[in-house]
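4 protein chains.
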Amino acid sequence: MLRRLVVETYHNVIGKLPPVLTVNDGDIVVTDTIDAAGFDKSGVRHALGPNPMNGPIFVSGAEPGDALKVEILSMTPTRDTGWTRSSVAANVVDPEYVRGLPPRDTAIWTIDQHSMTVRLQDPIPGLEDLVLPMRPMIGCFGVAPSLGQSISTATSGEYGGNMDYRLFGPGTTVCLPVFETGALFFVGDCHALQGDGEIVGTGIETTFEVTMRLSVVKEAKITWPRGETSTDIFTIGNARPLDQALQHATTEMLEWLGRDYGLGKTAASHLLGQVVRYDIGNVFDPAYTVACRVSKEWLKR
Amino acid sequence: MLRRLVVETYHNVIGKLPPVLTVNDGDIVVTDTIDAAGFDKSGVRHALGPNPMNGPIFVSGAEPGDALKVEILSMTPTRDTGWTRSSVAANVVDPEYVRGLPPRDTAIWTIDQHSMTVRLQDPIPGLEDLVLPMRPMIGCFGVAPSLGQSISTATSGEYGGNMDYRLFGPGTTVCLPVFETGALFFVGDCHALQGDGEIVGTGIETTFEVTMRLSVVKEAKITWPRGETSTDIFTIGNARPLDQALQHATTEMLEWLGRDYGLGKTAASHLLGQVVRYDIGNVFDPAYTVACRVSKEWLKR
Amino acid sequence: MLRRLVVETYHNVIGKLPPVLTVNDGDIVVTDTIDAAGFDKSGVRHALGPNPMNGPIFVSGAEPGDALKVEILSMTPTRDTGWTRSSVAANVVDPEYVRGLPPRDTAIWTIDQHSMTVRLQDPIPGLEDLVLPMRPMIGCFGVAPSLGQSISTATSGEYGGNMDYRLFGPGTTVCLPVFETGALFFVGDCHALQGDGEIVGTGIETTFEVTMRLSVVKEAKITWPRGETSTDIFTIGNARPLDQALQHATTEMLEWLGRDYGLGKTAASHLLGQVVRYDIGNVFDPAYTVACRVSKEWLKR
Amino acid sequence: MLRRLVVETYHNVIGKLPPVLTVNDGDIVVTDTIDAAGFDKSGVRHALGPNPMNGPIFVSGAEPGDALKVEILSMTPTRDTGWTRSSVAANVVDPEYVRGLPPRDTAIWTIDQHSMTVRLQDPIPGLEDLVLPMRPMIGCFGVAPSLGQSISTATSGEYGGNMDYRLFGPGTTVCLPVFETGALFFVGDCHALQGDGEIVGTGIETTFEVTMRLSVVKEAKITWPRGETSTDIFTIGNARPLDQALQHATTEMLEWLGRDYGLGKTAASHLLGQVVRYDIGNVFDPAYTVACRVSKEWLKR
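Residue numbers (this note's numbering), protein chains in the order written: chain Y, 1 to 301; chain X, 1 to 301; chain Z, 1 to 301; chain H, 1 to 301.
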């Protein structure tokens, strides 16, 4: 069934809050997201940052130990502008180099919904002709975490959250570990485009109509978010520093290859050692995000 | 001019050692590398590990402040076997998970030089049919470091070294900062294939005939290795943890975009923020390697 | 006024929960804490881990931007046993060394309340005669964090939390930044003794009667917890890795020396450079704790 | 026997260089060190930085697998000034905070050899009356590393090097693992005083007459430097980030407690868990230094 989520109150945390919509296992949900600073498609501010969320959605049948499967079916941009910060973040350059960084102002990008491209509204020297293809992605989404926690949408964890990974776009399916009955799903903070690492501290922040199918995978017993694109499977680790995020993602991938692909740890080591790809989702938020990714070309289920 | 480097004594350090060959700016050098444990194409051991090096080569005209340009023209496998470790390294999984890792034994891979593929010699359950395409790469190469240092080929730094980055293969051109007159170039430790991060601690370690053109870029004034493929440019940071390697690589890219592409720091931030890719070369050696990579599609020189 | 906090329901999060006691600015609060696994002084289990908390206490007059001053007046042990884990944690040794660590069993310690000493109940070879002086400390305490968050008592942040720093004992005064009206103070998880880093993952976990005075410092505008003993002042940073925790603590100390001790950043650098001490509170919890400490001998207010 | 080492040529690396003095096992060596920038006690510059070294000294009888025992008998200041940097280093504060740090100028300190105190030559507001006690220490010393390496005196490793730990002063005995016949000992870079972490990037850099006894401990089979003061034993880990330096130091302490104090890993865990102290030697150099320290009060040999 197709369900529309209309939001009146946005949340700056992901946690055990009263659901604003209840859906059945397998329902498709459509919702309009506002941008990371709380502005909607008309430029009206509905909330303050960080990353105000739509939700939570109660998914019938989801219980702790299950996974919530989120199929990102489509993302339609609903505004003709987006914004970014105008300097790389201080933590991604050599510490002494920070003294010479430009201020962290805001820049506006024009979004062409017809050609699905973006360009700087006020071009600066050297980038006068830069036109980039749009690659929509969800910056922040997740389910209520364990222990009844409510955690800021600035950060992320096992439950998802502000992962800012560019592969969380249309065509990708994500599984999140469920900690509360009904999962309690939140979504928001979409980007028209973002490089690896979100190194300016933002993608191109704008508004979207997002369409997702939400389903329950019973007793999935996963620890970290897992995803699948048309070509790859991947696991997510969210932590600081990058080394630890990578450890979480790699451990989760070894578990996945063991349970679903019949590969013991030695076999999985041989495969990953020669074909694994690591993506740096973000290296800016309180928890960084690393994806451990494997081409489906080398896997048989 | 085409020059052949024949090696009698191998080195486990990269440093200010007596050159075994002197070449002119622009000469092409062909050399046979032995594997990371010192075995040659016939299985004869010539040296102990880590990563015995061919060299050093004195490149006429290279002075401190210049860069040595290394064009990797071709890599021809010269042995029909390679070896890997058979467990992911302890530092790439969650610390408590280490207790359950398999031992770090050695596995043999068969190299098919005709089809340019590799497969495990003794397949293990789940990987019976795994045949992977060969992607030759140089694991360790570099020039004599600053201050007259001689540094183990287990690690890496501004001068290059054991970077274990899978894009250091045929078709890639690398620039290394020169610290000593003649640069003093070393090369060895080639892999038939390796995933991101070198997470089993090896690629498929084997022997190659490597062909490279060595040229001098006067007063290049670079700080870290830089590279170029047919589609991308990239900078390298070598350090622990990953966060610092990424800082070095990003800083070097900002400098490069500023000097050669006319992009001030704000313009470079806008570009990198939306298009940058980070690759994890290795997350195993004493210094990790991160590449900051940009598609040439977005650059005009 | 002396107030007694009697607890019926314990919390595994620190957050915006309904207060169970309201006190005036300057009141003294006495409360019985249970141990990290939820057992009380009689060995009855009242809650599950991690670190069940007493509270929250609403402190009249506390508003966001203020600090809550917590004077730890006394800690009286109320049980004659405590427990610890029996192996150092996997993350404090070299990764490959983890394979040889003993299992993480539980050990019981006998607490002698008369001599204020502890010893292993079942001594093991080499430690037959080990008797250590008790050094009571509060492992986990804090105020409701920003944004309405509720965060697991396994970890810590600007608001305090599971810092596991051995100087949080009787005679120490701590200031915590206030984010919610009334501050909403929580306390629990006390230790009879603990080394730097909490490297076995526990101190000697037991029950105490804790007596604290709670006061409001108006418009203190602090960012991280600050403390004072009879001899030192210190600031706290909670983050991973240790490097970042140290950065937070050092930054907070520079701010403190600037505002309250009249030291500009150059003067503060000269002082800290020659006299600073860093303590590692914990290197086990999701966020590590580093204290930046300065002897009051060198300070004039 | 008392031997005097007079230096003509200083070294910016620690490595396998021709010895300038050969001593017997147990000889006492006296030498004048110059400061980190190469200036001697008369203000004459003899060398450039980083940290020019006296040595190497060949110690008869030292073979790979042994340890070189260095007893620091005395350090007499030989100049009435020292210098420091005048801002904390960029890497010890929050990254965005770097923008507001003062420049890294040089400050001069007056050394009073009679009272053994130091004070800023040009006092700055707030520090007009600051007089600090001198605490002499050796910033950089070590033996030739493995594999014939020569490594910059800016950094450190298993062989010692630029550890910048304030407990390396008179009364401390240090054991260094030997990698080359004769050990090849280097020493220099002494400080009149230094806080934890060397967070301004220097101690009070000056010149000393250093007196040490050098002895050989046969087949000591240690991996990292170990030390002993009148009250404590400690192990050293040199690496980045702090987390890894701490892992090295803790692992080495577990090995030491096992071999020399009869404590199995469980017993050692119980002891360290409740009594260990960690000191941050430096958090500035390319490799950071962490000491794992235990009071001798709790040990019986």
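Any given hint could be a false lead.
Computed beta-carbon distance windows for the label pairs [claimed, not checked]:
id, chain 1, residue 1, chain 2, residue 2, range
1, Y, L73, H, E96, 37 to 45 Å
2, Z, H114, H, T231, 26 to 34 Å
3, H, S115, Z, M116, 33 to 41 Å
4, Y, L73, X, T106, 40 to 48 Å
5, X, G264, H, K221, 53 to 61 Å
Covered stretches of chain Y (chain X as the covering partner; in silico rule of three or more C-beta atoms under 8 Å from a C-beta of chain X) [stated by the list, open to error]:
id, segment
6, 1–13
7, 90–102
8, 121–129
9, 187–197
10, 248–254
Note that these hints are calculated values from the structure, not bench results. The model shown is predicted, which means the values in this text are computed figures rather than measured ones. Cβ coordinates follow ideal geometry from the N, Cα and C atoms, glycine included.
* **Outcome for the supplied range 26 to 34 Å, where the beta carbon pair is Z/H114 and H/T231** => 28 Å, holds
* Can you let me know if the beta-carbon spacing of X/G264 and H/K221 is within 53 to 61 Å? => Since the Cβ atoms of X/G264 and H/K221 sit about 56 Å apart, the hinted range of 53 to 61 Å holds.
* To do: Take the segment 187–197 of chain Y, compare each residue's beta carbon with every beta carbon of chain X, and decide whether three or more fall closer than 8 Å.
  => Holds, because 5 residues of the segment 187–197 of chain Y bring their Cβ atoms closer than 8 Å to Cβ atoms of chain X.
* For Y/L73 and X/T106, compare the CB-CB distance with the range 40 to 48 Å and indicate the outcome. => With Cβ atoms ~47 Å apart, the hint holds.
* To do: Note whether the CB distance of Y/L73 and H/E96 lies within 37 to 45 Å or breaks it.
  => 38 Å, holds
* Asked: How about the segment 248–254 of chain Y: do at least three of its residues have a C-beta closer than 8 Å to a C-beta of chain X?
  -> holds (count 4)
* When you take the CB atoms of H/S115 and Z/M116, is the distance between them in 33 to 41 Å? -> 40 Å, holds
* To do: Examine the segment 121–129 of chain Y: at least three residues should have C-beta closer than 8 Å to a C-beta of chain X.
  => Per the Cβ count (5), the hint holds.
* Holds or violated: the segment 1–13 of chain Y covered by chain X, criterion of 3 or more residues with Cβ-Cβ distance under 8 Å? -> Our answer is that it is violated, as 0 residues pass the Cβ test (under 8 Å) against chain X, missing three.
* Check of the segment 90–102 of chain Y against chain X for coverage (Cβ-Cβ below 8 Å, three residues minimum) -> Our answer is that it holds, as 9 residues pass the Cβ test (under 8 Å) against chain X, meeting three.
Hint 6 alone, counting from the list given before, is not met by this structure.
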